[in-house]
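Participant: Build the complex from these two chains, which are given one at a time in their own frames, with help from the hints.
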Amino acid sequence: MSLVPVDPQGVYALWVRDVTRFVRAPSQVVGALLTPLLVLVFLGTGFSGAAIPGIPEGVGYLQYIVPGIVGFTLLFGASFAGLAVLADRDVGFLKEILVAPVSRTSVVLGRVAGGSTTALVQSLLVLLLSVPLGFEVRRPLLAPLALVVLVLLAVTFVGFGIALASQFRDSQGFGILVQFAILPLFFLSGALYPLDQLPAPAQYLGLLNPLTYGVDALRGVLVGNATYPLVVDFGALTVGAVVMVAVGAALFERVEAA
Amino acid sequence: MAAIRVDGLGRAFGDTIAVDDLSFAVEDGELFGLLGPNGAGKSTLIGMCCTLVRPTAGTAAVSGHDIRTERAAVRDAIGVVFQEPALDEELTGVENLVFHARLYGLSRARRRERVPEVLDLVDLADVSGDTVDTYSGGMKRRLEIARGFLHEPAVLFLDEPTLGLDAGTRRDTWEYIRALNDRGVTVVMTTHYMEEADALCDRVAIMDDGDVVALDSPATLKASLGGDVVALETADGTAALADRVRGVEWVRGVEPTTEGLSVTVDDGTRRVADVVRLADETGVTVSAVDRRTPSLETVFLDLTGREIRAASGGDVGETEVTAGGPGDGRGSASQHGAGRGGER
Numbered sequence: 001m002s003l004v005p006v007d008p009q010g011v012y013a014l015w016v017r018d019v020t021r022f023v024r025a026p027s028q029v030v031g032a033l034l035t036p037l038l039v040l041v042f043l044g045t046g047f048s049g050a051a052i053p054g055i056p057e058g059v060g061y062l063q064y065i066v067p068g069i070v071g072f073t074l075l076f077g078a079s080f081a082g083l084a085v086l087a088d089r090d091v092g093f094l095k096e097i098l099v100a101p102v103s104r105t106s107v108v109l110g111r112v113a114g115g116s117t118t119a120l121v122q123s124l125l126v127l128l129l130s131v132p133l134g135f136e137v138r139r140p141l142l143a144p145l146a147l148v149v150l151v152l153l154a155v156t157f158v159g160f161g162i163a164l165a166s167q168f169r170d171s172q173g174f175g176i177l178v179q180f181a182i183l184p185l186f187f188l189s190g191a192l193y194p195l196d197q198l199p200a201p202a203q204y205l206g207l208l209n210p211l212t213y214g215v216d217a218l219r220g221v222l223v224g225n226a227t228y229p230l231v232v233d234f235g236a237l238t239v240g241a242v243v244m245v246a247v248g249a250a251l252f253e254r255v256e257a258a
Numbered sequence: 001m002a003a004i005r006v007d008g009l010g011r012a013f014g015d016t017i018a019v020d021d022l023s024f025a026v027e028d029g030e031l032f033g034l035l036g037p038n039g040a041g042k043s044t045l046i047g048m049c050c051t052l053v054r055p056t057a058g059t060a061a062v063s064g065h066d067i068r069t070e071r072a073a074v075r076d077a078i079g080v081v082f083q084e085p086a087l088d089e090e091l092t093g094v095e096n097l098v099f100h101a102r103l104y105g106l107s108r109a110r111r112r113e114r115v116p117e118v119l120d121l122v123d124l125a126d127v128s129g130d131t132v133d134t135y136s137g138g139m140k141r142r143l144e145i146a147r148g149f150l151h152e153p154a155v156l157f158l159d160e161p162t163l164g165l166d167a168g169t170r171r172d173t174w175e176y177i178r179a180l181n182d183r184g185v186t187v188v189m190t191t192h193y194m195e196e197a198d199a200l201c202d203r204v205a206i207m208d209d210g211d212v213v214a215l216d217s218p219a220t221l222k223a224s225l226g227g228d229v230v231a232l233e234t235a236d237g238t239a240a241l242a243d244r245v246r247g248v249e250w251v252r253g254v255e256p257t258t259e260g261l262s263v264t265v266d267d268g269t270r271r272v273a274d275v276v277r278l279a280d281e282t283g284v285t286v287s288a289v290d291r292r293t294p295s296l297e298t299v300f301l302d303l304t305g306r307e308i309r310a311a312s313g314g315d316v317g318e319t320e321v322t323a324g325g326p327g328d329g330r331g332s333a334s335q336h337g338a339g340r341g342g343e344r
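Here the protein sequences come in this chain order: A and B.
Under the working numbering, think of the first position of the first sequence as 1, with each following residue one higher.
Under the working numbering, think of the first position of the second sequence as 1, with each following residue one higher.
Extracted from the complex, chain B is given alone in its bound form (with noise of 0.2 Å):
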């Protein structure tokens, strides 16, 4: 089964709409990401799925009961942690636990082995009788993780849940996280950090405007960007070696730059031995060369092509007039590069 089914899922505010019209589901034991630039309509999604914002279309199921009329189910089969801190400052961590326990519905033997067990598993145990106010930005974070995980939930909604952390303190949270879905429960996560969701999800959703762009794995979405960039810099002879590696097998790719030329191959790492012995053989000479893996960082910039279009508008004036649609600036600038090469 799966842990989440959006069916046509959407939801307008007024005229604007928040999330338009998604399906997709979501595996047991994922560890699922929503990606996407602030305002795309993640945390609306969650809080549709968590049942505190109502879809305006559609629906969803999560964990089997229907967000719209088992509403009651779905908040008990979930845990959440918002994207703002949502703790009782004035109480202290254990009874800040103990409070959510009680709400749902926990019994008092159950609370008093999950609690020390969540609090050990966050690391907070020293501190967990201290008052919340007390605690650093990151302590607070790993509280709240160890709550919405308490009471045993199917899926966690995590949203954001590394904003506003250091750079250290980020990379722990994003071991309870794991620790977590290493336990058996899926979770999905918002994140507008491209590394976080390539490091820490199995899955990944793509969000921009309200829609879903592209939903795979990190790694196959970033192999859709063709593969890797092997780049060679060159003295001269770049035409006839564009010309040697053009033909062959697992190049995907080749693109004459101001150094030398940029070849994308399927496997930058077992690559760049064989790119090399075609220069030799080409009689080129090789004087650097660089492996660039792609990053959802551009697979996302690739697929929203905002970014894209502004880079390709800076540059030379060829480019505007050949680049096709928007979205469509890297495929253009590739050919643009690749007749200039065949001129030669």
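Just chain A, with the same shape it has in the complex (with noise of 0.2 Å):
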């Protein structure tokens, strides 16, 4: 085994798969994103008018929702990069990524890759589709951060969707735990309200959820208007990727094939 167990050439292998399988079959992936968009229409139309507090003057619900809708958007990407583990182990192809000499390490960020780029692509087409819907980018110079923002919260939720795949052997216990942690991860995470609205004990839990720092940068980026410092937003994120990589990994390493 070299000092490094990554195998480039394998995560490419993983992630061309991924992307393969995502332009042979696109409707799936586009599909995901009905939920989203129909959260963000009813939602950004329907409070257009209300006065929530909390939220600063001059900024509307719906560019107010937008990147917490966004963030919404990449935890379906958990759900999918799990779900696709399951599947791979449904109809025996986990067998063959298992006995090839790559590194588990190198399996998870294969398909941390792969399920990030699926994940990346939703949440850029409901941005996209979010501007006729009247949303309004205010600072385009640092819009390129919005992408490293959106990356970052990608790796996490599919580093996360693969650590829980890990521990599941088939697809319906982990299809109702994932669903299960969605909606939480989601109000604990100042994406339709400030979290500051919430009591306390929410509070803290909304502050270990990396989802809150990616809104909360995605605000600042797009917006203008963020709760704690970009510094503060980007290290938080980069823990968070980081730690649910390494558990992914760790995880994963215990996996038998049989």
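A couple of the hints might just be wrong.
[To be verified] Label pairs and their computed distance ranges (CB to CB): (1) R110/B <-> L142/A: 44 to 52 Å; (2) L163/B <-> L133/A: 52 to 60 Å; (3) R54/B <-> L141/A: 48 to 56 Å; (4) Q197/A <-> E89/B: 47 to 55 Å.
Note that these hints are calculated values from the structure, not bench results.
Where is the CB? At the ideal position from N, CA and C, for every residue including glycine.
Facilitator: Right, here's the structure in full:
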């Protein structure tokens, strides 16, 4: 075994595979956009006239929640990536991957790369579609930074999905748990309302949620009203991404094929 | 150097012992068969050799690398075709192979050379651009065999390579396996088809209940049964003929049957005429002759005893009494028969 247990060609192989499948059957990926778009359209227009405490003056509700909904879309990436791992187990393809001379860390990195690419495309589509609905990018020069935030968030949640999936043998149990996890992560992120409106214990939970910093950074970069300094946001996001990939790799290490 | 050296290898799942303290070696370039019924421990044994299942006792070396401590080196040296298909059906045949080549670190140049080569070897070049979900069962199997061989492993493991294939496709698959072996790769395959092991393998390990109960070439295993059987249908004078042939050097056993006499000989093809000549000399009229060669099927039944026991249980009452221990049914039945022949 080499000192650095990462095999770039193996990671690339897994990424190419995911992208090929995505390009070949895009309907599945695009279909997953419907839920976030519905939330965006109905909440964004329904609450457009409401005065919601804690939202800065001059920022419309739609403007406020677009970064949150984009983050919400990325949460589904976790579910996608996990289900892909379990589907591979179902059809036996996981064995082909596990018996290959690549480290489990490489396998997780490859899956994270593939899953994140899909999730990134989904979140960018939501962002693009929000523009005709009235979303306004106020700081276009900082837009490339938004891409960095999206990548970090995608890696974090795809890593989370893979870590979770490694503990399951069938997709049903995983599906139930991941659906259960998505909503609390969404509600405890400040995506729809400022976190400080919540009771104190919920606020603390929200501070442990990577999505909180992702949504805040997106707001800072795209709209210009972040709650925390951007440095804090990016730091927290980076830590979250690294931790989640490490946890995913560690848990995946113990996966037996049988 | 032995391709595989298994040393006291065992695996228990809780209280169930799937593989029990095995030791044997597979030589370089061999086409080696693991033969046994479902649940005999073949797949667990292969799983351990492939580093996918961790042993609970002993170890093994594959291509010189320890399966417990040098897992990466073992994976580098082997190719595996699993019992259940392990293809990405949404990818094309070529894409599946390219994916595999990348995982095994083949250079782009090597990949471009090998992928068409192995596709050609299994006659899938024409459909290599179609997604795998359009392939038949036999085509998928062939693609997997090609894939297992793509990175030129030292040892290729095939777990039930023809399971679920129709007879014609199975025979074709045998040809592909032979072709790979002819190119120098050591092949270890499991099967529960006796005739498959017989037709393909240089040596066969017969497994039962986690144990290897016999290991040799199919010919030697079959010879261990004593040889071919020449069954004679005679009108009368059977006892006299039995006495006459019993002393002959190439006769391994004599057993009267309801039709006449059953003589076990060293070489059926050559001895049929001799047996008939002896019958002639004794004045016994032979109305029909049948020669039966032993198969791995009969070897397996003989070694594990199960089916034999059931068979002797259904025989005449006396046989059950005389039958000694389990698995000994065949021997005692013939003794019993010989004794009755002597009475006359």
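Participant: Are the hints correct? Go through all of them and say.
Facilitator: Hints versus structure:
| no. | hint | verdict |
| --- | --- | --- |
| 1 | R110/B <-> L142/A: 44 to 52 Å | holds, 46 Å |
| 2 | L163/B <-> L133/A: 52 to 60 Å | holds, 55 Å |
| 3 | R54/B <-> L141/A: 48 to 56 Å | holds, 55 Å |
| 4 | Q197/A <-> E89/B: 47 to 55 Å | holds, 49 Å |
The structure agrees with every numbered hint stated previously.
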